[in-house]
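Next come the chains, spelled out residue by residue.
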Amino acid sequence: MTKLGSAIFSRLVIIIPYAWLLFFFLIPFFIVFRISLSTTAIAQPPYEPVFALADGLSGLLAKIGQFSFDNYVWLTEDALYLNAYLSSLWIAGVSTLITLLIGYPIAYGMAQAPRTLRPTLLMLVILPFWTSFLIRVYAWIAILKPEGLLNQFLIGIGIIDTPLIIMNTNWAIYIGIVYSYLPFMVLPLYSALEKMDNTLIEAAQDLGCPQISAFWKVTFPLSIPGIVAGCMLVFIPAVGEFVIPDLLGGSQTLMIGKTLWNEFNANRDWPVSAAVATILLLILVVPIVFFQNAQAKAEEQGR
Amino acid sequence: MNTWSRFNIVSVVLGFAFLYLPIVLLVIFSFNESKLVTVWAGFSTRWYVSLFNNQGLMDAAWVTIRVALLSATVATVLGTMAALALTRYTRFRGRLLFSGMVYAPLVMPEVITGLSLLLLFVAIGFDRGFVTVMLAHITFSMCFVTVVVQSRLLSFDRSIEEAAMDLGATPVKTFFEVTLPVIAPAVLSGWMLALTLSLDDLVIASFTSGPGATTLPMKIYSQVRLGVTPEINAACTLLIGLVAIGVLIASLMTKRREVQRQRDEQAAFAGR
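These protein sequences, in sequence, are chains A and B.
FYI, the UniProt record's numbering numbers position 139 of the first sequence as 139, with every residue one higher than the one before it.
FYI, the UniProt record's numbering numbers position 49 of the second sequence as 49, with every residue one higher than the one before it.
Okay, chain A solo, but in the shape it has when bound (with noise of 0.2 Å):
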């Protein structure tokens, strides 16, 4: 009896969950790169060919001949989607590396910091998390606006005398993509600089290597892992992200999030929309299942 619950307990936990991410996260995606090979349609749904469970075996393979790469073709024809998925590659890996900059000197600072205070300075790095991610890219729109907080602070002062234009341009995506996502670079930093051992430090020390070399010889090829797990974390939704560019990117700015957002609201090109999400999908996959192995080997770390 107990092993015959045990044994139904166990396939439950396993088969509900999976069942779940099957239906709702792996079907979709073939649904989407179905799509993305039929043509626009005007009618509801917009695309054809649309199938039936009533078109039987023959009707199927008929429905299958009307399948084209046109969708593809389009996008490598029109210059528009080539340079959106240029400049998100781009201005996703710009920010990456801003935010590796700006969160690096933060976690090695709370790496260091006295052991009673280590759980306060986590506790608010995450506290942002919590709040919105759209009322945070909505307060810099005050802040950045071209008679916004920063500029009134800085001609306030005598810095300047004419007003910055930071919004709606690049730069205030940079922003943007950096202050939301900066708790994502802090937290694996923070973990992997943590767990450091400052004993080793010091023995690079003893033997003569000044500070900064042993930073650089002894703790940096240490948070590599860290290193990898916050820019992954970063830099793949970053590719894909539409609030930000929408928001303080202004009309200008190519990305491809706010074109596929674009292209199914506005022109309600659903194959076309399909189309661009499955090119950014096969982008992603290569950074995606290097996060997954980093992911993996945490786990068999953890075991």
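Derived by calculation from the structure, the hints in this document are not laboratory data.
Treat the hints loosely; a few may be bogus.
Unchecked claim - To be clear about the criterion: a stretch of chain B counts as covered by chain A if any three or more of its residues have a C-beta under 8 Å from a C-beta of chain A, and this derived list gives those stretches:
1) 20-26
2) 41-50
3) 176-189
4) 209-222
As the list claims (entries may be wrong) - What follows is a set of in silico ranges between Cβ atoms, one per label pair, in the way DEER data are often shown:
5) B:Asp127 <-> A:Ala296: 34 to 40 Å
6) A:Leu124 <-> B:Ser151: 17 to 23 Å
7) A:Ile224 <-> B:Val182: 31 to 37 Å
8) B:Asp264 <-> A:Pro119: 42 to 48 Å
9) A:Ser10 <-> B:Gly125: 54 to 60 Å
10) B:Ile65 <-> A:Gln211: 50 to 56 Å
11) A:Pro210 <-> B:Leu70: 48 to 54 Å
12) B:Arg263 <-> A:Ala296: 24 to 30 Å
13) B:Val77 <-> A:Phe215: 27 to 33 Å
Note that CB positions come from ideal geometry on N, CA and C, so glycine has one too.
Using the hints, position chain B against chain A.
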């Protein structure tokens, strides 16, 4: 050696200033008398009054709260199951695919998740509305719950579970009477994370929502596109306040548990 150098202190302080200043400014300007968000004209709570008279925003807030409570609860159950599957039953067919499906949503751009779920609902002919937003939120937030609960399960001493089973407890009983009480704080913080992810989400909700199920972030977004208004600042401040109270209560609860646990342990030692 382990001194907190000036450089370290400065970088931590500047970092926190950067993280908190925009939120603080937003809260301050929600009490601004003027309609212009960037010009201070004296203290006033008029925007809070007009917020509560804004029926559209209030309706959206109600939809959001219901979606968040329901989806966070289901996501916590599913996410805890997935965490158990990943840590306790390490060998089963398709485990690699399973762990892949758990970790991928953590970094998946929201536009892709939103679009793919929408196309799923259209393909199976499911009318979009309250239920579809909820299903979508369960799907992406359960993975965050899994990661939180999993990390607790990994540091868990399994010999307690084994002892319970050796003494004749069924796996179900062992889970509810031994495992769950120990991992309860992680399950609770997973639930809170799922709740805030759902309260917060704009992109996925916009794709999967239908008529009559406008969430608060969707409403805020459409108003923000028309310009920054003090009323939205007031709404944001209330949300921040709610979250701050929630986090405060949660941390007080964990602290009390911790103190209680230490006291119990001391009592146990003294009794020996």
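Quick check: does the Cβ-Cβ distance between A:Ser10 and B:Gly125 fall within 54 to 60 Å?
35 Å, violated
Verdict for B:Asp127, A:Ala296 (Cβ pair) under range 34 to 40 Å: Because 39 Å falls inside the window, the suggested range holds.
Confirm or reject the coverage of the stretch 41-50 of chain B by chain A under the rule of 3 or more residues with a beta carbon closer than 8 Å to the chain's beta carbons.
violated (count 0)
Using the C-beta atoms of B:Ile65 and A:Gln211, is the stated range 50 to 56 Å upheld? 52 Å, holds
**Prompt:** Holds or violated: the stretch 20-26 of chain B covered by chain A, criterion of 3 or more residues with Cβ-Cβ distance under 8 Å?
**Reply:** holds (count 5)
Worksheet item: Honestly, do B:Asp264 and A:Pro119 meet the 42 to 48 Å range at C-beta?
Response: Since B:Asp264 and A:Pro119 have Cβ atoms about 21 Å apart, the given range 42 to 48 Å is violated.
- Query: Could one say that the CB atoms of B:Val77 and A:Phe215 fall in the range 27 to 33 Å?
  - Reply: For B:Val77 and A:Phe215 the Cβ distance comes to about 46 Å; the hint is violated.
- prompt: Three or more residues of the stretch 176-189 of chain B near chain A by CB distance under 8 Å?
  reply: Coverage by chain A is violated for the stretch 176-189 of chain B (0 residues, Cβ < 8 Å).
Quick check on a hinted range of 17 to 23 Å for A:Leu124 and B:Ser151, using CB atoms only. Holds, at about 20 Å.
Taking beta carbons only, do three or more residues of the stretch 209-222 of chain B come closer than 8 Å to chain A?
holds (count 3)
query = If you check the beta carbons of A:Pro210 and B:Leu70, does the distance land in 48 to 54 Å?
reply = 58 Å, violated
Check your understanding: When you take the CB atoms of A:Ile224 and B:Val182, is the distance between them in 31 to 37 Å?
Key -> Cβ of A:Ile224 to Cβ of B:Val182: about 33 Å, so the range 31 to 37 Å holds.
Checked against the numbered hints listed earlier, the structure breaks hints 2, 3, 8, 9, 11, 12, 13; every other hint is satisfied.
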